[in-house]
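Work the whole structure out from these sequences, hints included.
Below are the chains, spelled out letter by letter.
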Amino acid sequence: MKFWSKVITIAWKDALSEMRTKETISAVLVFTLLVIVIFNFTFGANQEVMAVVAPGILWTTFVFAGVLSLNRAFIPEKEQGCLEGLMACPVSREVIYTGKVMSNLFFMLIVESIALPIFAFLFNLPFLSPQIIVIAVVTTIGFVTVGTLFSALAVNTKAREMVLPILFLPIVIPILIGAVKASELTLAGQSWNDLALWLQIIVAFNVIFLVVSLLIFDSVIAE
Amino acid sequence: MKRNALLMLSFILMVAALYLIFIYVPTESKMGVVQRIFYLMVPMGWIAMLAFIVTATGSILYLTKKSDKWDALALSSCEVGVVFTTLALVTGSIWAKPVWGVWWDWGTPRLTSTLILWFIYLAYFLARNLATEEYRGATFAAVAAIIGLADIPIIILATTLWQGLHPPPLIFQEGGLDPKMRFTVLMSVIAFTVLYIVLLRFRISLRQSEAELGTLKELDE
Amino acid sequence: MENGYYLLAAFTAVWAGVFAYLLFLSGRQVRLHQKINAIKQVLKEKESK
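As given, the protein sequences belong to chains B, P and D, one line each in that order. Just so it is clear: in the first sequence, position 94 is 94 by the working numbering, and no numbers are missing. Just so it is clear: in the second sequence, position 120 is 120 by the working numbering, and no numbers are missing. Just so it is clear: in the third sequence, position 38 is 38 by the working numbering, and no numbers are missing.
Accuracy of the hints is not assured; some may be wrong.
What the hints assert, rightly or not - In silico PhoX-like links for lysine-lysine, alpha-carbon gap of 20 Å or less:
#1 Lys40/D - Lys217/P
#2 Lys46/D - Lys35/D
#3 Lys46/D - Lys217/P
#4 Lys13/B - Lys78/B
#5 Lys49/D - Lys217/P
#6 Lys44/D - Lys217/P
#7 Lys49/D - Lys66/P
#8 Lys30/P - Lys97/P
FYI, nobody ran anything at the bench for these hints, they're computed from the structure.
Now the structure itself:
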């Protein structure tokens, strides 16, 4: 229990500072909306075409929003010198990693919970079904487990904002494939059983990367 | 001395493989001569994978043992590996054009997963070169390699299940392959694996010279 | 033999790639050894002074 109370303290600290400024969430949300609008113009207003490409658009939007939001996980801390403070805390690196995963997950889920109804509204498609929500939650967990690790790495590189997407995107391709496929199946009216295969792949990815990240997070952040 | 022996072995094996590919092996009835690209494509793809596994293994050992020799192994294997992965993509493309009619077929899991692997190779160099301090670069690159290794099985699984265009090329199934063809593929794989080892050792010795230069420079100051 | 060009292209690409990499490595080796020898020379001169 001690572990989780420390984790929650770190996540809560991030949530508090975000609630004061609302910088990250509002910027990511505006970005998400803009991407939706741009896709609408680039693919034309044809309803049939939209129904085919909508899952792809949804996940492209979320993965780029994820990169934007994950970039903010460590950069402000580094800029304001808080990272050293965090390192000096008498907690293990695993606690810091898990806390950061929690806060990133929290931010991204907030953005997605606002973006999904807008998607459903603008594309006139059932994006609010329980299937899509489950897919979104498990895939977002996958994004943040790897993303938090790479975000901590990127903060100590020369071109911070550029490093994260180049490391992050190739790694998340398999869960992106899973999320898009599962969303397509849902929109095509398939049952939970048909989604199970893709959900299993995403969950397996999450478990593997949670374990691997916990094991190597220390070398990313150690001085 | 040992290196020269390996170089000779590599040369002999390569000549033998060329003989097998161009003279010994029968021409495939349906595809014709182009099918012989296959004996290049398979070793390229194999070494793309092998070199990455060596890189990631070196990275794990570097992170646990903190010895520069493991970092040298990981870096060298990664550099040789990226050359072979690029060649795997090129030969795959040249294979795709006459056989499937397109230079690039997104429905082929082997091509698409090799492409993703290529990007992971690049991520290794990026993490290494953009780190603020050099010792950190080695650690960051090791992290990128380990994450990449953990991702490979999932990439292969996802890209295979994702595609619906072509079934896996018949030639990869052991049973469907003519014994002469199987022998030729095997020899070609062995020849290129020895070439990979030769290049890897060359690159590692270069890395050692670089380290020597570094210490000499410190002495000079 | 209508597709022989593809076969030729594949073999050329692989061997050109391998030899280009070998040349690149040898070039680096030569330059490194030159530098190492130059520094060794400088160090020797310093010692003799």
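Structure-inconsistent hints, enumerated in ascending order: Those not satisfied come down to hint 7.
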